Each structure stands twice: as structure tokens, then as C-alpha cells.
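Fit chain to chain and form the complex, with the hints in mind.
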Amino acid sequence: EAGVAQSPRYKIIEKRQSVAFWCNPISGHATLYWYQQILGQGPKLLIQFQNNGVVDDSQLPKDRFSAERLKGVDSTLKIQPAKLEDSAVYLCASSLEIGGGWGTEAFFGQGTRLTVV
Amino acid sequence: EDKVVQSPLSLVVHEGDTVTLNCSYEVTNFRSLLWYKQEKKAPTFLFMLTSSGIEKKSGRLSSILDKKELFSILNITATQTGDSAIYLCAVLKVGNEKLTFGTGTRLTIIP
Numbered sequence: 460e461a462g463v464a465q466s467p468r469y470k471i472i473e474k475r476q477s478v479a480f481w482c483n484p485i486s487g488h489a490t491l492y493w494y495q496q497i498l499g500q501g502p503k504l505l506i507q508f509q510n511n512g513v514v515d516d517s518q519l520p521k522d523r524f525s526a527e528r529l530k531g532v533d534s535t536l537k538i539q540p541a542k543l544e545d546s547a548v549y550l551c552a553s554s555l556e557i558g559g560g561w562g563t564e565a566f567f568g569q570g571t572r573l574t575v576v
Numbered sequence: 015e016d017k018v019v020q021s022p023l024s025l026v027v028h029e030g031d032t033v034t035l036n037c038s039y040e041v042t043n044f045r046s047l048l049w050y051k052q053e054k055k056a057p058t059f060l061f062m063l064t065s066s067g068i069e070k071k072s073g074r075l076s077s078i079l080d081k082k083e084l085f086s087i088l089n090i091t092a093t094q095t096g097d098s099a100i101y102l103c104a105v106l107k108v109g110n111e112k113l114t115f116g117t118g119t120r121l122t123i124i125p
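So the protein sequences, as listed, match chains A and B.
Count along the first sequence from 1, then add 459; that gives the number in the working numbering.
Count along the second sequence from 1, then add 14; that gives the number in the working numbering.
In isolation and in its complexed conformation, chain B is listed as follows (with noise of 0.2 Å):
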């Protein structure tokens, strides 16, 4: 069976710290990992990450997957209020396109 595990399952920081977001996953036929934020009830796309070693990057956030390792993490520096949210990470299988996610990490961000 699939698994994706993301950790902590909660943190919360003041705002400006640095975070570290933790995905590790055992999947058959892994062709990609997703980053998705989810602030009420539908999740936005972050990042999709397909090669190892490669990080993407978009303004604060960051990440990076590990292939050989199995798994992947969501960097977020100078946090804001804004970024208090639950952190999705999914795993997408190659030939049948099936997305499972992990429970998510609820992040929140102290004033």
C-alpha cells in the first residue's frame, strides 16, 4: 500500500524563524512529488518535484526531493501570517496518474 508521511503534524513559530516541512513516502511506480498549502478548504499547488537533487524555488519557499532516500521538504524563511496554513505533500504514481497525500502539517505562524 502507498504511503506518504509528513512531519511534524503541527508546529508553530513567531513570525521571521525559518521552517523545515519533513515528507517521506514509499510508493510503487513513484513519478512525482507535490507540494500543495490549503488555507480553507481547497489546496493551492506549491511545487511539483520530479528529479532528485533539484531545488525548486518560489520567493520564501523552497524544496527539494531526494529519490534515493524517499523523501522530500518544504523550506519557508522569513515566515508571515500569512503562511499559517496545513502543508499537503502528495505522491504521484507514473501510468495511472493516482494522487495520494499525506495528513498534511498545520503550520502557524505567531505575530
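Chain A extracted, bound-state conformation (with noise of 0.2 Å):
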């Protein structure tokens, strides 16, 4: 079974610049996370999809931060303009529905790690 893609794997960028990454979940997951990780931190919840309509985005900077997925599959998370403040590991994850409002264990991507400078 393919796990959840992610890229690009690393990113270099100035701050007041533009990044998007890019995420697969794997194949007929319906619940989608983008998580925050800045080191020495644990994965602070971004936004969390249920098929392509948003669960929870309470802790993503609206100013800067955005996120879609279209047809409930792909997800893409883009920060205009970044700041330092943004240098972190961005990972996505994903679990299945198995009814009744109950899922399976999140499984999660390789990350991207974003530097700004």
C-alpha cells in the first residue's frame, strides 16, 4: 500500500516570498491533516479535512496561510507572504473512515521542511 506522498521535501525561500506544498494521501482516506512542526515542538494542527470539506481550521493563520482539497483527494497548503516565523517541518497526514464517525490511526508523510531566510 502507497503511503501519503508529499513535496517537495525540502524548501528554501526569503521571507515575504511564496511556498506551496503539495500532498497524497493514500488511496480512500477521507480525513486529511496539515500539521505545523517547529523544532523542539509537537505537530500543531493546521487544518483537518473530511473529504474535500474543512473539519477544523481554528489554528491556521488565515492572513497568510490557505489550504484546499479539491475532489477530497490532493491537498495543496500555500503561505503568502512567509515569515521567518514559518521555518518548520510541514506534514500531512491522512486516516480512513470506518463508520459511525470513527477513523483509523493517522498515517503521515515524509514532511517538507520549509526554511525562510
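Since the hints were derived computationally from the structure, they do not count as laboratory data.
Among the clues, some could well be false.
[Unchecked claim] Rough simulated footprint, nothing fancy, chain B against chain A, three-plus residues with beta-carbon under 8 Å:
1) 472-478
2) 501-511
3) 548-556
[To be verified] Residues from chain B that keep clear of chain A, each with C-beta distances beyond 10 Å, as calculated:
4) THR58
5) ASP97
6) GLU111
7) THR114
[Claimed, not checked] On the chain B side, residues computed to face chain A include the following (Cβ under 10 Å):
8) VAL18
9) THR42
10) LEU48
11) MET62
12) SER65
13) GLY67
14) LEU106
Note that the structure is a prediction, hence the values are computed from the model and not measured.
Don't be surprised by glycine CBs; every beta carbon is placed ideally from N, CA and C.
Set out below in C-alpha cells:
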């Protein structure tokens, strides 16, 4: 079974530039998560999708971050404009809905390490 | 606001020692608690605990959940250098499947 695919693996940009990350979840997984993990901290949920609908985006800085999940499969996360404090690893994860509002554990992609200089 | 607190933040032990990692939580609509191991970037799944008092075991790793006291422990016996990693605890909510992580425990095993 193919895992969660993310690209790019690494990205270095200057502050005020834009950047986009792509995630392809495991086939059939309805739930997709984007996390930001700053060095030394645990993953912080930015946005959660159920199919192509947003379940939670309460911690997404909406003035600069945006995300979409077209057709309920692939997802992109964009930062525009980037700030120095956005330097982090961006993790995408997906889980399978097994019915009754329950799902499996989340499976993670390899992440994108973003450095803003 | 949902809270997941792990302790200790960092732990250094010698190979062969046994370690216990702690995770406490305050979450509404709790469904399950999950443990992950993070060596480089991608966390890998270890355990999902839904019922109190039932130990889950995989080789030298084991974990148990106490839903009354709102905590879980992860035990690693006969530690090896390959166990060096960040161990993350997360809680999953009923209904919306929101997954909230703690800060992690960085475990270092000295040969």
C-alpha cells in the first residue's frame, strides 16, 4: 500500500515570498490533516479536511495560510507571504473513516522542511 | 481548549535500561489516545488505546490508558540505541476525528 506522499521534501525561501506544499493521501482515506512542527515542539494542527470539507481550521493563520482539497483527494497548503517564524516541518497525514464517526490511526507523509531566510 | 501534556520533555538513559514516558490529557469528547515514534520527520504509529486498563504490547514496548485519571504511559524495556527518538502522544476526538498532539518526549539511549 502506497503511503502519504508529500512534496517538496525541502524548501528555502526568502521572507515575504510565497510557497506551496502538496500532499497525496493514502487512497480511500477521507480525513486529511496538515500539521506544522516547529523544532523542539509537537505537531500543531493547522487544518483538517473530511473529504473536501473543512472540519477544523481554528489554528490556521488565515491572513497568510490557505489550504484546499479539491475533489476530496490531493491537498495543497500555501503560505503567502512567508515570515521567518514559518520555518518548520509541514506534515500531512491521512486516516481512513470506518463508519459511525470513527477512523483509523493517522498515517504521516515524510514532511516538507521549510526554511524562511 | 484541548490539552495534551507529556513528561519528561527529555530523557537520557543507558542501553538496557527501562523507561516510562507519561502523557496526560484534558479533552472533551475523548475517543482514543495514540502513541507515535518520530525519528526523522514522519511520525510512525505505535499504539492506539481506547479502553482503560487494557495493556497493548509490541515487543519491548507496551502502553496502557487510564480514562479515570486521564493519562497514559508508554514503557520501553531493555532499551536499544535504535529506540532513540521523539515519542509523541496524541488524542483523538469522537465525531470529528480531530487529532491533537503533545510536545513529545525526546529519548536518547547511550550505548
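Do the hints match the structure? See the list:
1. 472-478: It is violated: at least three residues are needed, and the stretch 472-478 of chain A offers just 0 whose Cβ sits closer than 8 Å to chain B.
2. 501-511: Per the Cβ count (6), the hint holds.
3. 548-556: holds (count 5)
4. THR58: The claim is violated: B/THR58 sits with its nearest Cβ about 7 Å from chain A, within 10 Å.
5. ASP97: holds (19 Å)
6. GLU111: The claim is violated: B/GLU111 sits with its nearest Cβ about 5 Å from chain A, within 10 Å.
7. THR114: violated (7 Å)
8. VAL18: Constraint on B/VAL18 satisfied, holds at 8 Å.
9. THR42: Nearest chain A Cβ about 13 Å off; hint violated.
10. LEU48: OK, holds: B/LEU48 within 10 Å of chain A, min 6 Å.
11. MET62: Holds: closest Cβ of chain A sits about 5 Å from B/MET62, inside 10 Å.
12. SER65: violated (14 Å)
13. GLY67: Violated - the Cβ of B/GLY67 stays beyond 10 Å from chain A, reaching only about 20 Å at its closest.
14. LEU106: holds (8 Å)
Checked against the numbered hints above, the structure breaks hints 1, 4, 6, 7, 9, 12 and 13 and satisfies the rest.
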